[in-house]
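Please put together the full structure from these sequences, using the hints given.
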Amino acid sequence: MADEATSTPDNATGDAPTGSERPEGSAEASSAVAAGDATEPGTTAEPIEAEAPPEPNPVHDELLALLKSAGFNGDAILETADAHGGLVVRVANAQWRRAAEVAKEHLACDYLSFISGIDWQPAPREGDEAGGDTSSPVQPTEMTFGAAGSAGRFQVFAHVQSTSKKWGLTFKSDVDDADPRVESWVPVYSGADWHERECWEMYGFTFDGHPGLRHLYLPFEFEGHPLRKDYPLLARVVKPWPGLVDVEPMPGEPDTDAPSEAATEAET
Amino acid sequence: MTAPTHASARSEGPGWVPQPGVSEPSVGMNVELDTGDMVLNLGPQHPATHGTLRLVIRLDGERVLTADPVIGYMHRGYEKLTEFRTYPQVTTLINRIDWLSSFANEVPFMDAAERLMGIEAPPRAQWIRTTLTELSRIATFLLFLGEMGLQVGALTPAFYGFRDREHVLNLIEAATGGRFHPNFNRIGGLKDDLPWGWIAETRATMKIVLDACDQFEDLVLGNEIFGARTRGIGIIPSDVGTAYGVSGSNLRASGVDWDLRRDARPYLAYPDLDFKVWTHPDGDSYSRYWVRLQETREAARMVLQCLEGMPAGPIMAKVPRIIKVPEGEVWVETENPLGQMAYYVVSKGATGPFRVKIRSASFSNVSILPWLLQGVFVPDVITILASLYFILGDIDR
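Keeping their order, the protein sequence lines are chains X and Y.
In this text, residue positions in the first sequence follow the numbering used here: the first is 1, and each later residue adds one.
In this text, residue positions in the second sequence follow the numbering used here: the first is 1, and each later residue adds one.
These are calculated hints, taken from the structure and not from any lab test.
A virtual CB, placed ideally from N, CA and C, is assigned to each residue, including glycine.
Take these hints with a grain of salt, some might be off.
To be verified - Below are the SDA-like pairs computed for lysine to any residue, each with C-alpha atoms no more than 20 angstroms apart in a straight line:
no. : chain 1 : residue 1 : chain 2 : residue 2
1   : X       : K166      : Y       : P271
2   : Y       : K318      : Y       : E120
3   : Y       : K191      : Y       : A317
4   : Y       : K207      : Y       : N170
5   : X       : K166      : Y       : Y270
6   : Y       : K80       : X       : P226
7   : Y       : K324      : X       : A123
8   : Y       : K324      : X       : P137
9   : Y       : K207      : Y       : M310
10  : Y       : K324      : X       : T141
11  : X       : K165      : Y       : N183
12  : Y       : K80       : X       : R236
13  : X       : K166      : Y       : G255
14  : X       : K166      : X       : N57
15  : Y       : K324      : X       : M143
16  : Y       : K80       : X       : V237
17  : Y       : K80       : X       : Y231
18  : Y       : K80       : X       : P58
19  : X       : K165      : Y       : P237
20  : X       : K166      : Y       : P266
21  : X       : K104      : Y       : D257
22  : Y       : K80       : X       : H225
23  : X       : K165      : X       : P58
24  : Y       : K191      : Y       : R96
Claimed, not checked - Here are some chain Y residues the structure puts well away from chain X; computed CB gaps all over 10 angstroms:
no. : residue
25  : A174
26  : I208
27  : E217
Written out as structure tokens, the structure is:
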């Protein structure tokens, strides 16, 4: 649903650039929302869902026009989206640092809010098959991508804002599954240092040009990347969610509920 | 021949006799002491750190060469935990991010879920949320106004701060049932309406708060020693502050006129309230204290406005029993007592979020420390830490 208002960066001027329409990413994003139509810019006037604002956002148009006038368009911008009023711009991996430079110099975005990552791969379902924890919310099992799409599993995303113009936008960029790597923003925003260290330890993304990628939160000898979806929440693995203890077998009934037995044992 | 050591020279013989070609061994009496590179470990347990922040400081005499904050002693992995919780369960977690103003933490997350679901809390709920958010701000800042005095050596303000904060915490407790962790917000509104007599009580308490602000102004800001300890200490230029993501009062004390209550997408009842955004051009520890003092006053005035304009009506929107949030993603930011608190929530249509990026204010506010502490004196380190005013739960999440 975040994709209804999908437009190309050149929406404001109507000059269709090359590479702004990514059939793969758009198709996946559309199938995910079952409502998005990432067709021609300017033809998205027909709202599919009532809650999606069909009118163009003037601030977004201004931001995109500024990006274009700074020469940041064409191959640099893969897709844009309106995520509930927030502008999301997906840039090419090689243009990641330039996106920050352009945002700081031409969009007056002097304020770095955060840099982080997303792992779009669904977490392995432990509930039904493994017979363990069933208390967690069940997420869809197929991989879908959010606003502005993605080419693969990993994305880095960041939010920058302007304290003078009072606007802001979110940048996203795809990173490779096998060798997740992107340029560092530290030369542009000094505050990127800690955010990138956190992202490095949590997702395993390498930020080229960062002055020192070392652990921020986790112990120095820690192995693994906890925020990746295939990294289990160990607390739930070693001990089932305490709420499960409530489901105890009635006296006299055969005890067939293995998880609750395990839970009772763990409780005592 | 070998030169005798000082001890043996004294005990064994007649003492050192000058000899050609041999210099007398030095015993280190009038030598210049080497002051470089002493490593001072501040924390993890230190009163100025409000928790467990550790600073590894390399000193040259009294002067700081480098300061490296070591964080993570309280890392609880909330971003991971949210992926294993339903939306209503997440509220319990985010209460404990900034534990001094827990109510204010809940608001942006509720706002994010409501925006994704396309529902809106009724006006009365919005106004009560605004009131309680501002009360959280007052409680947080009153503690700061007292605590900052304590950190620079004035014991009395701390007692006044704690005493006056208690009045505000009593109000929050009366309305929500919890002094620190209200867990009072629901997706689509609030758990309960305000109790009888609460509005009159709050009005009386705001008088106490405004008086307390006057008292702090006389007692602390008017104090010459406090001024000497804080003026010109820990100056954050506005461009450095924004590049590090410093937000809230810390940034406004550097002259940046940016308050999300006014400048972000409109939220809660702030568009209907009349309030002033205070800034100070200096950017030093004194101005951070000054801005927070003014903002405490402003918050008390906003609470009074909220009580005047509080609309009648329901406090919960129509919300399904089992909350499923449609697919989408949203960025919601609010002006919390410590600065910009924001959530980037990605939903895949399940009962729990797929990814929640928690952007907490103190994390970025503290990340400027390596830059800010360079070249300052050791006592000023404490002043700067106190004036930045961070909460460890807000750094470590």
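Do the hints match the structure? See the list:
no. : hint             : verdict
1   : X/K166 to Y/P271 : holds, 15 angstroms
2   : Y/K318 to Y/E120 : holds, 9 angstroms
3   : Y/K191 to Y/A317 : holds, 11 angstroms
4   : Y/K207 to Y/N170 : holds, 15 angstroms
5   : X/K166 to Y/Y270 : holds, 16 angstroms
6   : Y/K80 to X/P226  : holds, 8 angstroms
7   : Y/K324 to X/A123 : holds, 18 angstroms
8   : Y/K324 to X/P137 : holds, 10 angstroms
9   : Y/K207 to Y/M310 : holds, 19 angstroms
10  : Y/K324 to X/T141 : holds, 16 angstroms
11  : X/K165 to Y/N183 : violated, 35 angstroms
12  : Y/K80 to X/R236  : holds, 12 angstroms
13  : X/K166 to Y/G255 : holds, 15 angstroms
14  : X/K166 to X/N57  : holds, 15 angstroms
15  : Y/K324 to X/M143 : holds, 19 angstroms
16  : Y/K80 to X/V237  : holds, 14 angstroms
17  : Y/K80 to X/Y231  : holds, 10 angstroms
18  : Y/K80 to X/P58   : violated, 36 angstroms
19  : X/K165 to Y/P237 : holds, 19 angstroms
20  : X/K166 to Y/P266 : holds, 12 angstroms
21  : X/K104 to Y/D257 : holds, 18 angstroms
22  : Y/K80 to X/H225  : holds, 11 angstroms
23  : X/K165 to X/P58  : holds, 13 angstroms
24  : Y/K191 to Y/R96  : holds, 19 angstroms
25  : A174             : holds, 30 angstroms
26  : I208             : holds, 34 angstroms
27  : E217             : holds, 28 angstroms
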